[in-house]
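Listed below are the residues making up each chain.
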Amino acid sequence: MATKEAVHVRERAGKYLTFFLAEEEYGLEILRVREIIGMMDITAVPRTPEHVKGVINLRGKVIPVIDLRLKFSMPSVEQTEQTCIIVVDVGRIEMGIMVDKVSEVLDIGAAEIEDTPSFGLDVDTEFILGMGKTNGKVTILLDITRVLSGSEAAGVVEQVQNETDQ
Amino acid sequence: MDAKTLRKKLQNLPDLIAAVRCDEPDSLIRAGTLIEETIALLPQDPPALVEAMTAALEALQALFQNRPADESPVVQALGAAVNGVINVLRHPGNTESLGACNMATSVLHRVTAAMPSAAASAASQEPHDACPWANLQVLEARLIALTSDDGAELVAIWRSLVQEARSDAYCQRVKDLIGQAAELLGADMTDFDAAVAKVQRTLKSAIENCEHPSADSPPSPKAAVAAPAPAEPSARPAAGGTQGPSLPADADLELLGEYVQECHDHFTAAETALLTLETNPGENEELNRVFRCFHTIKGTSGLLGLPHIQGLAHLAENMLDRARGGQIRLTGGYADLALRSCDMLKSMVVALNGAQPGQKLTVPDGYDALCGDLQNPEAAGYSEETVRSTMRLGDILVGQGKIARDDVEQAAAQHERPIGQELVVSGKAPITDVAGALRTQKQMAGLSVEQSVRINTTRLDSLVDMVGELVIAQSMVSQDPDVNSGRMARLARSVSHAGKIVRELQDLTMSLRLVPLKSTFQKMTRLVRDLAHKSGKTVQLVTEGEETEIDRNMVETLSDPLVHMIRNSVDHGIEPADIRTAAGKNPTGTVTLRAYHAAGNVVIELVDDGKGLDRQRILAKASQAGLVDSSRELSDGEVFDLIFHPGLSTADKITDVSGRGVGMDVVKRGVESIRGRIEVASQPGKGTTFTLRLPLTMAIVDAMLLRVGQQRFLIPTVSIEHSFQPRSEGLKTVGGQAGEMVLLRDKLLPLFRLHRLFNVPGAVTDPTAALAIVIEAHGRRCALLADELLGQQQVVIKPLGESLQNIAGVSGGAILGDGRVGIILDASGIWSLATTVKTQATAA
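Residue numbers (the numbering used here), protein chains in the order written: chain A, 1 to 166; chain B, 167 to 1010.
Extracted from the complex, chain B is given alone in its bound form:
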């Protein structure tokens, strides 16, 4: 109900305010009462609304008590405030209107302050004598509130100054000063702030001169004549509008009618074209059509003596011309601006209907603002993007009513620090407000929706393939002896340029497969909630870096290990609330899931603040299972790694959720299947951290190229521990040649010869002349004998054609720099291959 009454009252307000005149106290009182009633109905949030209306009421009261000669600036500010309030109520999220509303409020505050107190002026019955300089103060206030991009306001202030300079209300000296100020304002404005400050100083001295007039220059007695706008009451502007120029006295009404009709056609055409342009900015024909429409309107308006229409059309045309010149595209904010201009022109043209020659014409509200925006759309925050995305931090703060426009301008003038920081340092705004505004700004920027296309993965894969091939072809060209001969510098340059493009293309193609971890993490939130509930603990999951991207093929594989680890953390890591409290910890356990990029890897950390791993118990269990040699001192890392050993559970009781150890081998296998690594760190009583290091994408693997005979193989670097040249005293055999071992730092490792496993002819047979490469897979280590290492490189993994999928020890192929295929070996496959072959060999 209240909202309805409020709306009704607000609707009536602009009319009443427009009708306000100092010499009609009734109108003032009516408007004042209505504003008072409205304030009572206004919602408390945002507070700027109530403040705006209160300021309006105060300004109205001041107006009533002071009766200045020209009430129009006050009435204008009142109108702006009321319109701002209406707009905010209509579109609650619209910070732009909120900003406008705040702007009006601050102007009103200044107007009120500029007018002497009611008590002082009440004594005086001669309003103009009471405060002859009120107009100047209003002008000063407007000057302070002026922003560099508000050209229309600048012109308006200048005009008023010129008018005031001619006013007989002031002594000659003041008039001169005002004239000076006007001149300054009209002059060079390249250094806006300095120029405005200068004008302001001049104006201030003019006001001081008024306040303390010299004896030899008394104010002119003909003060009353100074009142501008001598028009008859019937020519008062209509609702929400202000007075504009009048229709020329010699206007041809018939011609005017034709003009209105013609304009209508243009508007329709322009609107349609603008809407087409918005979705398809490349349509030059449409752009030309819009331009022609505005151009014709501008021309005919000028002919008919309608400067306000001509002016706006001219400004809009300028912007369209930039679009024609290809400097901007008529989308987003620019399209909004063009459409708004179209609307305003339309409303002005409509207002011409039935107008009589010599009659004052209405300039709609927001005319000046729109002109300002058109003059410099970028400065007003318009761009090809949607309008909101480029809101400036200061605008947001002012819009939220957290800070005055002045303070923002001052802070912005410092130029030394980012504006937010400046505001905080200078104590103008609390840090929380600035942070909030920054967040809002970020959200607004995020509003511009990214367009995406769904694409068939096969096509994507073949694109990746083709690009991979392009990279190889490019490297073949760049390694060509002819290119590198030094005789063809230009060719070499072109080739290296092409190389850069190809590399960028490759990066881009790779990124096509990436998806953010967000949805994976979200699933975990649910999991933690359920697990905590089940085990009767209070656990919260904190996720960080959800936006980290990872290959979409890996996301699915990753989810299983994560579930296992989180289960473990919640079930075994986090203690029940009473134990936590007793240990002086927060009763609510925290599990943090964090993802970030580091050194070309995606790192996922799972941190719990639980009781940590029990080193002693793990060791005890492990030696019980015969996994460790009890005589040797193990490092923490080695001990914790044991939990990934299948079948090793340190849990006292197996719950229905999990038992530590059971499942952890699954975790390790899962992570390794996507070529990742896992590490555990733990501190007793503090908690456990699992760190997963994953490659950016599944398709690429870091591998070591090695040669065996004439063949080359690749082994993923993840599985390689190190390589060394065996010495004859380190070589041991079991059962003759059947079982070979190599001694490495007092540990015996089985030694497998790759040439034997893979039947490669021509390989080095003397182990001391070859290289032993220690690989690790599923916790087992062994050494492989190869002829030499050719170097490390990143390769794209490809299946060996679908028919050669399941070859033991081979996980795929990769195209090497020379265009040939290299075979990628798989560490665990080699282990099982080697052991089965050995068994066969010994059996035979």
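Pulled out of the complex, with its shape left as it was, chain A reads as follows:
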């Protein structure tokens, strides 16, 4: 599959927006990020998986929001002042991901990125680009398209992605 190879050969160095889920720091390619918005009313959509929080009104556009904690099978927590939604651009479509806290924008060089270690079958590492190590911190660099395409609700994402790649 062309997409898979493309991801692996892709230059991983670059700017990442980092955010926290529990105590873990994750990184998101800055080019995928459209905007960061504070928590707002989310309308639940019936009959969708649990991690699909619902839809929000983004200046007239209705976009779905995914709770990344639930997506990664982490326990749900109370929302805080710092909880926010990162609007990401996944191919042609936009989606919001709900995270605990946005941290900073990191410039990570190629030398600072390590391949994902294998954790065995228990942990799915499909959607991890690599591990960034800067200033003694470890950031899990996400391949957000994969994260979202993994969900049933976002089944279209991969399809759209393929179409865009072709």
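Hint data in this document are derived by calculation from the structure and do not stem from the laboratory. Mixed in with the good hints there might be a few duds.
Cβ-to-Cβ under 10 Å is the rule here; a few derived chain A residues that face chain B [unchecked claim]: (1) Met-40; (2) Ile-56; (3) Gly-96.
Computed far set for chain B versus chain A, every beta-carbon distance over 10 Å [to be verified]: (4) Gly-520; (5) Ser-592; (6) Arg-692; (7) Arg-695.
Between beta-carbon pairs, the in silico distance windows are [to be verified]: (8) B/Ala-847 / A/Leu-70: 21 to 31 Å; (9) A/Ile-30 / B/Arg-625: 21 to 31 Å; (10) A/Arg-59 / B/Pro-647: 50 to 60 Å; (11) B/Gly-928 / A/Lys-137: 39 to 49 Å; (12) A/Ile-37 / B/Ser-677: 25 to 35 Å; (13) A/Val-77 / B/Pro-927: 11 to 21 Å; (14) A/Arg-92 / B/Ser-677: 23 to 33 Å.
Even for Gly, the Cβ is constructed at its ideal location relative to N, Cα and C.
Since the structure of chain A is already known, use the hints to place chain B on it.
Leaving out everything else, chain B in the frame of chain A:
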């Protein structure tokens, strides 16, 4: 060949006519012969041409026989008629020239009538004694033909009157009367019609005095002296022109040469600037340049003693000044007028080349008309639009030769009714002519091409989105407690003002997506033709309201149902010609496709005058298929609705075109997919009518907002039949709690609880405390249990982000007044969802 000869003859005519003089019978005869030959060659259509030339011939003959003192008005009218004819032939569609031609004709007719008959005057050898008042009659005729906007003609008539008043051909009393008339004409003309009528009366009494001169005031014997224009023959005006002022005797020829050269430069500059202005009216620099050119020409012409050039330049300058003041824009008619002035000035300046001091100068044809137009361009029908679009109804009728200018003026003077109506009521014009002229006027108005831009639909969609968001933001502001507190009246006013603008903006944006149904209807014409041919029937399609607009997304979806319905109508509805004749109907069947707006909907009607639906047969088929309970009496509407049921065909034989029933379910589904409704009405032997009611645009849906627990859902009102509060005695269950039903007017409906279907916590669980909403989808009805209805509102449908497209029972989202998203439910989706969930539930 003939056209060529005609053209040649017409080319020679103006010269000959210009050379006509009463005292040179040869010139009269030459011109007369040529006119006669021309008439023979003229096309019969439009008849006004032949009439104009015939009038010209008659006027010429009258001129010859009467030999009035001053033939110039007659010659002028002759020239106008001939030029009109030439113009019409050159530009066949040009009603303006046709109008001019007609105008000249009517003047000529009057001139001829004004001169005593040939027989009466033939006896007299003294031409001036024969009819000393001929000039007055010509003047009267011109006065009658005068329109309020023709300033130049008014001045010309006044001048002639003053001249006549000095003429010794009349007795003192007549002279006084003429002088009076001239005075009246020169005085206050605010009430044009009354003033002209007064002048006319004075003039008439002058003429009567001439005809019955009092014994004490015999006409002066020195009548012959009265002949004006004593100039030598060499100063005769050139082809197509009339005499103007003469070049001052002390004119400096060198200076004149410089002037001509300078003018040329100005003309070139002005023309270029005018053309730039036409495409870009905002160019102030160009406008100033044109103005400067005309202004300089006006100034220098005045210095050199060239009043005709100065006058025209002055008038043109006035119009340009209005453009500079921002009152008009120099486009369309105004630009035409400016360019015409430029051309005429140029031709007059060119004529100065080689002129000798004291020599008479030529004023080109149309000079007076142009001056009149410039004095009041609006009254002459000029505007920023192209000239033709503002043709007045009367002008068109006169131009078409259907009616005389007089009658139009009279009708216009009534002011009580629209002019067309007035003309018909007073019997001046047949109604067909007026209707035709109205059509022409409409077509002309349509000539101004609407400019359009092609635009990317994504951009359009995002514009619609943004405006939708603006509307919501605005309503959030206007509902803000601070704004409504009453403490900030000014803010509240501003907010409500902004609200109006926003609403208009929303309407406008919505209309951007609309396209006329015309092309859809046109396709149907072809379809009917082919179908009729195939089935061997004669069927005509009548379309009405093609200009009705509809959302462009709907047009494509609409075409399929329409094709199905038309097929049905032609194949099953319309009977073969022999059966129709036997039934006393027109052998040709008619299918009418009609579209119009009604109550915020677009309604499309398909009417056929065929045999209608067979109620009995539909019922029989339906009960055969187990669709209806035969014990119950069904209304016509209910019976006819059955034809939309899949698989129900009442046709005896399935043709290759269609079978009634097969396809009708497709029709219904198609119409519902664009949130429309379909109704059938039919009368046996008379025909069937299908009525489609469609929303104006796909993007907006009328929906009912309902609450279930803490969640809000929207259900399109189209699918809602009604709602009621269930009573405990009406609730039935099947298999315990698994299958719930509710009794409504002796009918059992399945009851689905929305909170169960959608897993909503905190909802009312006791059905008698909740509300049952009866929805209908694809002919199936069911009741949904919700907590309460929050009200009806129009919402803009949006997809739930592309990744959440195919959720059963959910058709999209809409942004509600508070900025949150509401989920729109889809009736048929709920049905299938409910049934599958139930099956699972019972299975489990």
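Each hint, compared with the structure:
Here the hint on A/Met-40 is kept, as its CB sits about 8 Å from the closest CB of chain B, short of 10 Å. Given hint, A/Ile-56 at the interface with chain B, holds; its Cβ is 6 Å from that chain's nearest Cβ, closer than 10 Å. With its C-beta approaching chain B no nearer than about 9 Å, A/Gly-96 sits inside the 10 Å limit, and its interface hint holds. In this structure B/Gly-520 is separated from chain A by more than 10 Å, as the shortest Cβ-Cβ distance comes to about 75 Å.
Every beta carbon of chain A lies more than 10 Å from that of B/Ser-592, the smallest distance being close to 60 Å; the non-interface claim holds. Non-interface call for B/Arg-692 relative to chain A: holds, since the shortest CB-CB distance, roughly 37 Å, exceeds 10 Å. With a least beta-carbon separation of about 42 Å from chain A, B/Arg-695 lies farther than 10 Å from that chain, consistent with its non-interface assignment. The beta-carbon spacing between B/Ala-847 and A/Leu-70, approximately 55 Å, falls outside the hinted interval of 21 to 31 Å.
Remark: the range hint 21 to 31 Å for A/Ile-30 to B/Arg-625 is upheld by a beta-carbon distance near 27 Å. For A/Arg-59 paired with B/Pro-647, a C-beta distance near 24 Å fails the hint of 50 to 60 Å. At roughly 43 Å, the beta carbons of B/Gly-928 and A/Lys-137 sit within the given window of 39 to 49 Å. The supplied range of 25 to 35 Å is met by A/Ile-37 and B/Ser-677, whose beta-carbon atoms lie about 32 Å from each other.
Here the CB-CB span from A/Val-77 to B/Pro-927 is close to 20 Å, well matched to the stated 11 to 21 Å. The hinted window of 23 to 33 Å between A/Arg-92 and B/Ser-677 holds, with their beta carbons roughly 28 Å apart.
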